[in-house]
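Peer 1: Given next are the chains, with one letter for each unit.
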Amino acid sequence: MKLLQRATLYYAIVFLVLLMVLSGFFYGIIQFFFLKSLDESLLREKQKVDYSFSANKHPDQLVFDADEEVEIRPVPLQEKQADSYHTIYFKDEWDTTSSLQVESEPHRELVTFLEHKDTLYKLTIRKSMIESEDLLSSIVLIEILVLLILMGSFLLVNVWISKRLWKSFYEVLNKIKKYNLSSGDALVLEKSSIREFEDLNSVLQTMSARIQKDYRVQKQFTENASHELQTPLMVIRSKIELLIQRPNLSEDQMRLLQSIDNASQKLSHINKALLLLSRIENNQFSKNEKILLQPLISKIVENFTDRVHLKKLNLELNVAADAMLNLDPTLAEILFTNLIQNAVRHNFHGGSIKIVVRQGKAEFSNTGEVLDFDQQAVFERFRKSIKSDEGTGLGLAIVKEICNVGGITIDYKYESNQHFFILTW
Amino acid sequence: MKVLIIEDNKELSQSMEAYLQSEGYLCEVAMDFDSAEEKIGLYSYDCILIDIGLPGGSGLELVQLLKNKRSQTGIIIISAKGSVDDRIAGLDLGSDDYLPKPFHLSELSARMKALIRRKNFEGNTEIRLEEMHIDPSAQRVTINGQELVLTKKEYDLLLYFVMNKNRVLTKNSIAEHLWGDNMDQADEFDFIYTHIKNLRKKIIEKGGKDRLETVYGMGYKYSSS
Chain A
1 MKLLQRATLY YAIVFLVLLM VLSGFFYGII QFFFLKSLDE SLLREKQKVD YSFSANKHPD
61 QLVFDADEEV EIRPVPLQEK QADSYHTIYF KDEWDTTSSL QVESEPHREL VTFLEHKDTL
121 YKLTIRKSMI ESEDLLSSIV LIEILVLLIL MGSFLLVNVW ISKRLWKSFY EVLNKIKKYN
181 LSSGDALVLE KSSIREFEDL NSVLQTMSAR IQKDYRVQKQ FTENASHELQ TPLMVIRSKI
241 ELLIQRPNLS EDQMRLLQSI DNASQKLSHI NKALLLLSRI ENNQFSKNEK ILLQPLISKI
301 VENFTDRVHL KKLNLELNVA ADAMLNLDPT LAEILFTNLI QNAVRHNFHG GSIKIVVRQG
361 KAEFSNTGEV LDFDQQAVFE RFRKSIKSDE GTGLGLAIVK EICNVGGITI DYKYESNQHF
421 FILTW
Chain B
426 MKVLIIEDNK ELSQSMEAYL QSEGYLCEVA MDFDSAEEKI GLYSYDCILI DIGLPGGSGL
486 ELVQLLKNKR SQTGIIIISA KGSVDDRIAG LDLGSDDYLP KPFHLSELSA RMKALIRRKN
546 FEGNTEIRLE EMHIDPSAQR VTINGQELVL TKKEYDLLLY FVMNKNRVLT KNSIAEHLWG
606 DNMDQADEFD FIYTHIKNLR KKIIEKGGKD RLETVYGMGY KYSSS
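Read top to bottom, the protein sequences are chains A and B. Using the working numbering, you'd call the opening residue of the first sequence number 1 and step up by one each time. Using the working numbering, you'd call the opening residue of the second sequence number 426 and step up by one each time.
Note that these hints are calculated values from the structure, not bench results. A quick note: this is a predicted structure, and the numbers were derived from the prediction, not measured. Quick reminder that beta carbons are idealized off the backbone N, C-alpha and C, glycines included. Don't take every hint at face value.
Stated by the list, open to error - Take a look, some chain B residues computed to stay more than 10 Å from chain A by CB distance:
1) L437
2) L451
3) G519
4) T550
5) H558
6) K596
As the list claims (entries may be wrong) - With a Cα cut of at most 27 Å, we get these calculated BS3-like pairs of lysine-lysine:
7) B:K577 <-> A:K239
8) B:K435 <-> A:K311
9) B:K578 <-> A:K312
10) A:K400 <-> A:K178
11) B:K627 <-> A:K312
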């Protein structure tokens, strides 16, 4: 969920709760004041009666409002109580408009006692509350409406302001998303007028510069290290070559020398592969040109003829004549050599290899045992099967790296006992 | 045959010197740019091996220097850099061959022989070994006048042996010469064995003598007096 969406959601929740609490509160307050004024008017009626008593008028002669009902009844003296107000519900006799189903209407009632000429009168004054109730609900409704409009416009304004404020943040985010460490370019962010964002920018720029530097040093290190290893390795190999020319070496000694030679050969393969990897990473192969794939792949397959025959592999080659790839020629050759080598190496005796290339898509599949490690790790450096002693474990890492610099997507899958490498560009 | 080895690594230059001396070359060694420049100025050689990264300067400058002198010397660049640019630059300047490190001494020797043969005999590069006759320009082999029909790989293998006659060649070196370095060691023996078996058979069929010796545990050797 986006920041803005989340903030708006929170605001909306808070507003709704607030709206409920506030409307209840309003209702309570307004009702309180209504009752108060109603009670006051009831009290006035009482005073009216009181006054008529003092003027020696008979209460029956008094005129009351239409919505009022007054009941005066003499009661025994001892029944006297303090004045009390109640809200009661009943249906007015004269009200014929409302149907029977309609509930009784609310009325306010004042029960009071008046003494006149040694007689105690119980005075009950009732007034219908229906109009004030209607008024009350209209007022509360209008209140709620006003609140809703207020909150709605606040939310809209907030969204608009946030969008403006966070604009530079999203710009920075976009820049970082697109930033490619290996491109070697520094991270350039636009100035922001907001201090927090400006701080963020400068922190990001410093950080990326440091990472960039470390990355460069790291890459340089791999290249330098492999380069430095090259000569001592060559010394070892050349000394072995000199040594085996000596006469009278026993077969046993020869076998030892062969082991040393094999190991140093392997070491120099790994070293070469590492050097190649760091060179690709360092963009030392960037002479891109349009390469026709058919002659290239045929030539590479030709180089593997011996091994294909030896393993009795059934090789199916189907390359479209118009299939082209825009890549450095050296890299293109290494890419397809490694893929084909991989297909030959990790194959059964008597297995099969299928190469289908169309413009924009190449599919290499070969029979072989399922990987004994995670599929996702197939392109990782030095990742190879426990059973396989062959290879440097760098061939597919190199393939992946070439695909990276060449803008080619490569996918791996294992289906019906076959390894599939699918390249799309 | 005089050879100048320009290589700053002492051990490596000693190895090359020892190997080439046993092949009958007269070797001199220069270990930095200045002494190499001096030697090139003073003497003439049949072949010069030049390392690109030298203390005091680039080997490529030495190639330039030799070309300015219109020297007929064969030049082989040996470089640890192995980058395509270096290779192209070296060949553009007029070096005759480029050998990236690490290489097998037998490979170096084979390339040198081919180069010297090309330079000295101006096209007439035929190799005679007793009853065998090899014409590298036509890739044609005859035994006692009878043509020996070989596959490309068998021919390459035979030529490699002949160029390194009386030398033990490791399987690794043969494999790298024939298939480049993307060969699996486990497969090497089978391949080489198959090719050698066929080669032997064909030579014997034509009445030639089988001079291919198996050096147990290590590789093969082509013996010739």
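Peer 1: Each hint needs a verdict: does it hold in this structure or not?
Peer 2: So, going through the hints one by one against the coordinates:
L437 of chain B, annotated as away from the interface, has a beta carbon of chain A within 10 Å; the closest lies near 5 Å. Interface exclusion of L451 of chain B from chain A stands, the closest Cβ pair being 18 Å apart, more than 10 Å. The Cβ of G519 of chain B sits about 22 Å from the closest Cβ of chain A, beyond the 10 Å cut-off, so the non-interface label holds. At roughly 26 Å from the closest C-beta of chain A, the C-beta of T550 of chain B stays outside 10 Å, upholding its exclusion from the interface.
With a cut of 10 Å on Cβ distances, H558 of chain B stays outside the contact zone with chain A, its closest approach being about 27 Å. The claim that K596 of chain B is not at the interface with chain A is violated, since a C-beta of that chain comes within 10 Å of its own (minimum 8 Å). Only pairs whose Cα atoms come within 27 Å are accepted, and K577 of chain B paired with K239 of chain A is rejected, the gap being roughly 31 Å. With a C-alpha separation of about 43 Å, the suggested pairing of K435 of chain B with K311 of chain A is violated against the 27 Å cut-off.
With a CA separation close to 19 Å, the supplied pair K578 of chain B and K312 of chain A stays within the 27 Å bound. Our distance criterion of 27 Å between C-alpha atoms is met by K400 of chain A and K178 of chain A, whose separation comes to about 20 Å. Note on K627 of chain B and K312 of chain A: the hinted pairing holds, with a Cα-Cα distance of about 24 Å set against a maximum of 27 Å.
In summary, the numbered hints that this structure violates are 1, 6, 7 and 8.
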